[in-house]
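Number of protein chains: 2
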Amino acid sequence: MNQLQSIDRLSLNQITTNRWSLKEAVEGSARAEVPWIALWRHKIEEIGLKESKRIIRDAGIKVSSICRGGMFPAPTEAERKERIDDNRRAVDEAAELGTDVLVLVCGPAPNKDLSGARQIVADGIEELIPYAKERGIKLGVEPLHPMYAAERSVIVSLAQANDLAEKYSPDEVGVVVDVFHIWWDPDMFKQIARAKGRILGYHVSDWIVPTPDLLMGRGMMGDGVIDLRPIRLAVEEAGYKGPIEVEIFNQEIWDQPGDDVLALMKDRYIKYV
Amino acid sequence: MNQLQSIDRLSLNQITTNRWSLKEAVEGSARAEVPWIALWRHKIEEIGLKESKRIIRDAGIKVSSICRGGMFPAPTEAERKERIDDNRRAVDEAAELGTDVLVLVCGPAPNKDLSGARQIVADGIEELIPYAKERGIKLGVEPLHPMYAAERSVIVSLAQANDLAEKYSPDEVGVVVDVFHIWWDPDMFKQIARAKGRILGYHVSDWIVPTPDLLMGRGMMGDGVIDLRPIRLAVEEAGYKGPIEVEIFNQEIWDQPGDDVLALMKDRYIKYV
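As they're listed, the protein sequences go chains U and Y.
Under UniProt numbering, residues 1 to 273 are what the first sequence spells out, in order.
Under UniProt numbering, residues 1 to 273 are what the second sequence spells out, in order.
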């Protein structure tokens with residue numbers, strides 16, 4: 001019931017085909033008729049913004065989001081300022097590439113002071129908003145799984161992301177919902193409902209068992225234990241009807257030919273998402 | 001400030017010296033003048049309950065807890081009943097060995113129905129209480145880190161453990177606070193305070209960076225990013241003055257001579273806990 005009827009919302013988060021360059025990922029998406037792509041900044045950097053833009057336009061592919069801004073907490077004031085500057089560049093790239101969402105992975109603490117780092121994140125978002133707003137870019141706070149708290153993000157739950165976002169207009173700050181990061185949370189459905197009107201992205205993958213690795217252990221939809229459909233329906237109930245990104249860090253998947261990965265991804269998207 | 005002044009609350013959770021048998025761990029603790037030990041049931045089983053009891057009594061070591069009961073969710077009604085029976089045996093062992101705490105690691109879901117599994121946990125605890133109470137054993141619900149949600153415990157936050165415990169008298173059900181499992185939680189201090197009068201155990205270790213492995217990645221106190229002292233003070237503020245278990249799953253530590261591990265553990269306990 002409530003199965004998706006087409007792939008018109010499907011987006012390839014290009015980390016899923018990590019061996020592919022930006023050009024290969026965009027052309028691969030076009031071949032597979034996957035209409036959306038989410039770009040990573042290090043892939044854009046390899047060929048430059050102008051060339052990236054040309055490739056995307058020529059292929060007729062739409063950009064669902066840019067990964068990633070954020071990483072606010074730094075040990076010194078000077079470094080924190082540098083990171084804000086880098087976030088402004090990410091905003092410019094997002095605007096240039098025709099998406100209105102910059103995903104924020106907020107960063108780990110530079111020391112043992114978790115709550116201090118969380119305040120630096122809040123301050124960083126506050127500082128970034130005017131620049132982003134002028135360029136039509138919304139900031140999407142993506143909570144990461146708590147197992148990344150020490151190395152990637154002090155924002156570890158959708159509740160926290162909602163707390164950060166709710167201080168602002170939905171035109172300024174929203175949240176990004178990734179099933180891999182929040183599926184375990186007893187509060188998940190409540191927090192998805194609370195994010196109504198503020199969900200800026202929806203990411204799918206699966207949690208595989210046994211979990212081989214903290215970073216590289218994500219699975220293709222249907223290969224793990226996450227009951228995906230009710231989550232997608234809840235996200236839609238909360239007003240999000242935009243692109244659905246498939247974002248998978250997994251060496252076995254990375255080692256497969258990209259075209260095969262896209263074929264499998266399309267199939268699983270209809271079956272499980 | 002507020003440093004511990006002695007090791008009179010220090011307990012060796014015997015998984016920390018996993019190569020040692022129960023006898024070796026108890027005698028090692030006695031040599032190191034560590035007054036408490038937490039026993040694992042598979043170690044008790046190797047030599048039997050009677051012999052375990054004799055060894056502990058002869059060494060003059062006190063038992064802080066028995067690991068573990070729990071594991072309630074099972075695919076069939078018959079298997080769920082078997083697990084309750086096994087929990088009753090764990091209660092008997094705890095009573096026989098002179099502790100009043102049985103730690104509950106609540107178990108993963110047998111399928112994709114997380115909330116169903118959480119209900120089975122609640123039902124299992126409800127069913128176990130009368131038997132445990134008659135034998136003077138309190139049930140200590142230990143929330144595990146969310147990264148274990150698929151394989152070890154659908155109870156993943158202290159908030160959840162408190163929800164489960166608060167339905168009962170503190171003589172029946174409480175919570176076990178383990179820093180490794182909850183240090184990332186923005187709600188941690190609030191939930192520790194909420195657990196006032198119900199904390200039945202406190203476990204320490206550290207979160208090391210980079211984290212080498214989901215299961216075997218714990219570190220010795222001081223080797224990681226957890227700010228331990230404020231957590232211990234909060235636990236004491238919430239009324240817990242009992243034994244503090246050092247529980248470390250880490251191959252490098254397991255490979256060291258047990259006496260060296262205990263010496264290091266005592267030193268780090270005073271410095272960091």
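Read the hints as simulated data drawn from the structure, not as lab findings.
Incorrect hints may have been included.
Any copy will do: because identical chains look the same in the list, a pair fits if it lies in one copy or spans two.
[Unchecked claim] Here are the simulated EDC-like cross-link-like pairs (lysine to aspartate or glutamate), alpha carbons at most 20 Å apart as the crow flies:
no., residue 1, residue 2
1, K112, D187
2, K190, D163
3, K112, D227
4, K271, D163
Structure-based check of all given hints:
no.: 1; hint: K112 - D187; in the structure: between (26 Å within a copy, 16 Å between copies)
no.: 2; hint: K190 - D163; in the structure: both (13 Å within a copy, 16 Å between copies)
no.: 3; hint: K112 - D227; in the structure: between (35 Å within a copy, 6 Å between copies)
no.: 4; hint: K271 - D163; in the structure: neither (34 Å within a copy, 36 Å between copies)
Of the numbered hints stated above, the single one contradicted by the structure is hint 4.
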